[in-house]
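Listed below, chain by chain, are the residues.
There are 2 protein chains.
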Amino acid sequence: MSAQVAAGDRRALARAITLVESARPDHREDALALIAALKSSGKQALRIGLSGTPGVGKSTFIEGFGMHLIAQGLRVAVLAVDPSSTRSGGSILGDKTRMDLLSREKDAFIRPSPSQSHLGGVARRTREAVTLCEAAGFDVVLIETVGVGQSETMVAEMSDLFILLLAPAGGDELQGVKRGIMEIADLILVNKADGDLKAAATRTQADYAGALRLLRKRAQDPDGFPKARIVSALTGLGLEEAWADMQDLAGWRKDHGHWDRRRAAQAVHWFEEAVRMGLLARLTSDPETARAMEALSQQVSDGAVSPDVAAAQLLDTLR
Amino acid sequence: MSAQVAAGDRRALARAITLVESARPDHREDALALIAALKSSGKQALRIGLSGTPGVGKSTFIEGFGMHLIAQGLRVAVLAVDPSSTRSGGSILGDKTRMDLLSREKDAFIRPSPSQSHLGGVARRTREAVTLCEAAGFDVVLIETVGVGQSETMVAEMSDLFILLLAPAGGDELQGVKRGIMEIADLILVNKADGDLKAAATRTQADYAGALRLLRKRAQDPDGFPKARIVSALTGLGLEEAWADMQDLAGWRKDHGHWDRRRAAQAVHWFEEAVRMGLLARLTSDPETARAMEALSQQVSDGAVSPDVAAAQLLDTLR
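Heads up: the protein sequence lines correspond to chains A and B, in order. For the first sequence, the numbering used here assigns the number 1 to the initial residue and increments by one for each residue that follows. For the second sequence, the numbering used here assigns the number 1 to the initial residue and increments by one for each residue that follows.
Heads up, a few of these hints could be off.
Treat identical chains as interchangeable: a pair holds within one or across any two.
The list that follows gives simulated cross-link-like pairs (lysine to aspartate or glutamate, EDC-like), each with its CA atoms no further than 20 Å apart [what the hints assert, rightly or not]:
#: 1; residue 1: Lys-227; residue 2: Asp-30
#: 2; residue 1: Lys-178; residue 2: Asp-194
#: 3; residue 1: Lys-254; residue 2: Asp-302
#: 4; residue 1: Lys-39; residue 2: Asp-302
#: 5; residue 1: Lys-43; residue 2: Asp-302
Simulated from the structure, these hints should not be mistaken for laboratory data. If you're wondering where the values come from, they're calculated on a predicted model, not measured in any experiment.
If we strip away everything but chain A, and leave its shape as in the complex, we get (with noise of 0.2 Å):
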């Protein structure tokens, strides 16, 4: 499968991406396999994250920039993630559907978010598909999350930029957007300056273009960076510019080493993050641990001891 996914062959991308998905030993074990085997490629994608509460627009923002890209000669992946989604397997189509020009060019891959419910699940999975959409050669990878949780985190966690897309608000809807988004987002894009709208999308971009200038300067952006700007994915407005900002931005951290650094901070926060998970994972897969858990929480139920003296006792068996 690792030479079809390499040459750029979306049936066996998607069927890779499947196999990182399973949580099957066998499966497993052949993905860290498959994993291993195009690590060598080297080919690195521009991963841009992308967050936006449902109403933004963010589907056709994807749609409209996607096509832009497309236009350009570029190949784009969307991968889409959703802890909180309880899809199944219908959402392939709803993803599709709801990006009905993207999904027919060839030069487009579009994948909808798994319908798993725990989040360290979907973050190494949606990781894995992030590498095997690398090693396909596409060029920009979208990771794209709805605005929940802790969802945003663990996007940025793996994106070289992150993106927040708004919709045009009231000028008192700043204390909307949570400060920690505000302080990973690279640019702030409000979505929908078209029409009756452009105005609120204008004065909604000049109070985040001001928001952002009273956070503090990050070692990793050249002058002018995090920046707002006014987009509409309708018209067309301003998505060159967006792009344009990207391609600086990425190419201004790649010049000054922060893309390398990033990239091998992130590779450390997830293979940590991984022992961590596959340790605990440990406490329910193996018999024998499970059955001591079970034991002694039926007698940490009763009261007959407490809870931490019955955990470290399980931790003694464990040594």
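Start from chain A and add chain B according to the hints.
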């Protein structure tokens, strides 16, 4: 130390809490032995979680409410949980100063938040401190937290009742309280219902009472709960009624088996959490594992191996 704690000696209790707050392995062993020795007392306090953002008058409320309980011959312990706190030694003075009357009562015990930044560590220490206060014969243990991040969920997970303290506000501020907090609150108290603010407090109380009615009825509640009520820590208005509510709710839950079931489920939760924390702690505390982590981290950072392949290698060595 265990006999003195069980006799209700406040200085012994303070020393015992200092012991459970220590991370030193020998202290940890002594702490577990102490908790195991006190376990058999079987005394149960009413554990009340109390949350409120800065400015709602939390200290004044605790002082007024605590004095009300003491006047009825009850012994009251107050534990503060503030994971965001960077306070050190000075905090003891701070906490006692802000509850000036209560801190002078022989039937009161006030303990500030340990100066730990790690929420997991704060959880274990607070939970163990609750157990110690209970063994020392306190009738009511108030666990106070600021409304920040996950500390409210954590405190609710170690309380029999959870109280949300609010300040009077305009009707549109209802949304400022996260839905998750509304769902764990047993009693919402709108403080500062005195003087000019009384009308606003009454409106706020009505708003929250309405919002609470929209929530699904919970099995562990009698009719009329969760409830919203106005109080004034300044004039004492509503304190007696609030205490009657708490006793009603606690009594009903005891009669219907919910009290014991909740305590059992909480104990199991903390047992599992303590196992997870203890397991993860070994990644850094065991020198050989820490060295292997370090070496693989470097390879991951250099891009020589993918995060997941490296994690699988490390986990293999931990079998």
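**Request:** Indicate which option fits the pair Lys-178, Asp-194 if close means a Cα-Cα distance not exceeding 20 Å: within, between, both or neither.
**Result:** Classified as neither; 26 Å inside a copy, 33 Å across copies.
Check your understanding: Under a CA distance limit of 20 Å, which applies to Lys-43 and Asp-302: within one copy, between copies, both, or neither?
Key -> Between. Shortest inter-copy distance 15 Å satisfies the 20 Å Cα cut-off; intra-copy 57 Å does not.
Given a CA cutoff of 20 Å, do Lys-254 and Asp-302 count as a within-copy pair, a between-copy pair, both, or neither? between (59 Å within a copy, 16 Å between copies)
inquiry  = Cα distance capped at 20 Å. Does Lys-39 pair with Asp-302 within a copy, between copies, both, or neither?
reply    = Answer is between; shortest inter-copy Cα gap is 12 Å, intra-copy 51 Å.
message = As a check of your reading, is Lys-227 near Asp-30 (CA-CA no more than 20 Å) within one copy, between copies, both or neither?
response = Cα proximity of Lys-227 and Asp-30: none, with 42 Å in one copy and 55 Å across.
Hint compliance for this structure: hints 1 and 2 are not met, and every other hint is.
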